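One letter stands for each residue in the lines below.
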Amino acid sequence: MSLIRLEGVTRSVDLPDGSRLEILKGIDLEVGGGEHVSIVGPSGSGKTTLLNLLGLIDNPTSGVILFEGIPVEALSGGRRDRTRGRDVGFVFQQFNLLPRRTALENVMTPLLYAQGREFWNRRRIAAEMLERVGLGHRLHSTPDRLSGGEQQRVAIARALVRGPRLILADEPTGALDVDTGQKVMHLLDEVAAQSGAALITITHDPSVASLASRRYRLDGGVLHPVTDAARAGQREVAFVDPFAPRSL
Amino acid sequence: MNGFIGAFIEAWAEFRVHKARVILSLIGVAIAVLALTAVVGIGQIATQAQIEQLERGSGRPATLVVSPPYNPETGQAVDGARFDAAMREIADRYGIDFMGRTSWDSTRIQLPNGVQPLELTLVEPAYGPMHRVELVAGSWFTDRDEERLMPALIINEHLWEALGRPPMSSHPTVTVLSERPTEAIVIGVVPSLQWEMGFRADMLVSAWERIRPTAIGYAPPTPSVELWVPLEIADQLTERIRAELTTALGGSLMIDVFRADYLAWGDIDPIEPIRVLLIGVAALILLLGALGLVNIALVTVRQRIREIGIRRAFGATAPRVFLAVMLESVVATVVAGFVGVVLAIILVQNEWALGIIAPDLTDIPPFPADAALLGFACAVGVGALAGLLPAIVAVRVRVIDAIRY
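Protein chains in written order, with this note's numbering: chain A, 1 to 248; chain B, 1 to 405.
If we strip away everything but chain A, and leave its shape as in the complex, we get (with noise of 0.2 Å):
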């Protein structure tokens, strides 16, 4: 069974003027337990729309979104705030962690809105995972002490640290220099692979996106897969001679 799946889901907005904006259409999308996925589109493609939706923030005007097979729909407020505190963890692109928090007591906010052992134990638990992503030196330091690709480490060790089934990553290269942001993806890749969540990556870079196993443009609100003969297209003409004369 997939770990989510879209179908047919479509997402409008109206508008002041009466009008209606549709930001998402007919969206068909499955995803499995330790899947990669990228989605790439430029913007105002509708990327944030659809992660509101892959992480059960926001309702799809139609379609069906199932979580486990369960319909979101269905879930009432308080359960989908749970269930999207265990099962999804968010990495976003400005890392978003909490200021003058130190790593570890950032690492521990979601383990707030668990319960039992994760709530207990949740100091423990916030010092391996920040141990696990390379981190364990810099516990008690503050975002305002910690470099951009450190910080974005606490930010993946945050989602990572209840043990999601699914990651979404928004744009999480996206602050980040080169050679950071590739060692973060990889760190990224790495852990979500070794736990076996599904990892959904939204980017405009191409190189970020090319680490999925699986990937889709977005545009206009339509997902298209992204095949590779496709994408080899898309090399060739990349690399075409607009100057050049063309023959017949």
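These are calculated hints, taken from the structure and not from any lab test.
Note that this is a predicted model, so its numbers are computed, not measured.
Quick reminder that beta carbons are idealized off the backbone N, C-alpha and C, glycines included.
Any given hint could turn out to be false.
[Claimed, not checked] Derived SDA-like pairs: lysine to any residue, alpha-carbon spacing no greater than 20 Å straight-line: (1) B:K19 with A:L98; (2) B:K19 with B:V294; (3) B:K19 with B:F338; (4) A:K183 with A:R138; (5) B:K19 with A:T142; (6) B:K19 with A:D144; (7) A:K25 with A:D58; (8) B:K19 with A:S12; (9) A:K25 with A:G44; (10) A:K183 with A:L146; (11) A:K25 with A:V64; (12) B:K19 with A:P99; (13) A:K25 with A:L218; (14) A:K183 with A:Q194; (15) A:K25 with A:R79; (16) B:K19 with A:S141; (17) B:K19 with B:V334; (18) A:K25 with A:T48; (19) A:K25 with A:G55; (20) A:K183 with A:L218; (21) B:K19 with A:K183; (22) B:K19 with B:T300; (23) B:K19 with A:P143; (24) B:K19 with B:V339.
[As the list claims (entries may be wrong)] Now the stretches of chain A that chain B is said to cover, found in silico as 3 or more residues with beta-carbon under 8 Å: (25) 30-42; (26) 97-106; (27) 111-123.
For this one, chain A is given, so just place chain B on it according to the hints.
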């Protein structure tokens, strides 16, 4: 349970991280709680002082006064001895331990600088506990003082000053110029009342009966009788005493039995207007403190929208966010309330302050627990109210909008 503890941990972390801001925002609340608690505390101590003052004058609740019965046609008062005997029999029958005759008269005394008038309060030993009499020096009358050949006097401080404040151990005496000069021994000193300018002394009724003038034209007052009885049976006893006296002394006499203590003056609390005014002022201060807190809390929540969005993304439910924001406010105001209450206790309970609030207070009450609880409850209430609006704002935050804020 985890949810509440978690929300409390979040609230405490917020308090810890934003110490300076929180402390600044709470100064108003702490001052308001201090003012409220102190005002209520002072009010209660002042009430106690006023009650003591009233009890010194008219007796502790319930004090019944039985005026000397008289014939309404002739105006002739009943014989004092018959009246006294009848009252003692009634007191014995009803097991009333505190009963005594009281009256007033005046005489003159010989002082080194000349003859001075002296106001006399004529009492019996029971008068002391019944009227909460406190002495500056010496001791109150006992039954043994009835047997003294030399009348005993308890003088006011003005007279004690005029005598040169002699110690009671030196057995000072005063010459009372009644029908003939009589040496009276001073056995105690009571504080002079605020409005008292002259010399006054307490003397036993029996002693005064022995030395008072007997000349024609002098009409010795017939003492009234005071009884200190349990409050809950005071009204019943009033009627019973009237009936018993009628039987004992004859039906044609006018018998007046009435409550004299301050509780019998009606439902109106004599200090209620002051109390209402003080509480009104304190409530206004608290309201201003609360408005300041709401203002700061609202601004703070708007600044923390991204943080709230992040928490929601990681599984915080709407009620949990509501509780956490609410608790932040309550945790903070509880701390402020505690500080305010402690400061109020320190302020109100020190001797200097008590000397100003209630200089004559004898039964200094501990800081009123009511006032402390009220201050604390107000702090919690203000915290909850001040947290309500920001908590509603926090719950309405859309998660992704907040993260991208």
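So, going through the hints one by one against the coordinates:
| no. | hint | result |
| --- | --- | --- |
| 1 | B:K19 with A:L98 | 16 Å, holds |
| 2 | B:K19 with B:V294 | 17 Å, holds |
| 3 | B:K19 with B:F338 | 16 Å, holds |
| 4 | A:K183 with A:R138 | 18 Å, holds |
| 5 | B:K19 with A:T142 | 16 Å, holds |
| 6 | B:K19 with A:D144 | 18 Å, holds |
| 7 | A:K25 with A:D58 | 15 Å, holds |
| 8 | B:K19 with A:S12 | 44 Å, violated |
| 9 | A:K25 with A:G44 | 14 Å, holds |
| 10 | A:K183 with A:L146 | 16 Å, holds |
| 11 | A:K25 with A:V64 | 13 Å, holds |
| 12 | B:K19 with A:P99 | 14 Å, holds |
| 13 | A:K25 with A:L218 | 10 Å, holds |
| 14 | A:K183 with A:Q194 | 16 Å, holds |
| 15 | A:K25 with A:R79 | 27 Å, violated |
| 16 | B:K19 with A:S141 | 19 Å, holds |
| 17 | B:K19 with B:V334 | 14 Å, holds |
| 18 | A:K25 with A:T48 | 14 Å, holds |
| 19 | A:K25 with A:G55 | 18 Å, holds |
| 20 | A:K183 with A:L218 | 25 Å, violated |
| 21 | B:K19 with A:K183 | 37 Å, violated |
| 22 | B:K19 with B:T300 | 13 Å, holds |
| 23 | B:K19 with A:P143 | 18 Å, holds |
| 24 | B:K19 with B:V339 | 15 Å, holds |
| 25 | 30-42 | violated (count 0) |
| 26 | 97-106 | holds (count 5) |
| 27 | 111-123 | holds (count 6) |
When held up to the earlier numbered hints, the structure conflicts with 8, 15, 20, 21 and 25 and fits the remainder.
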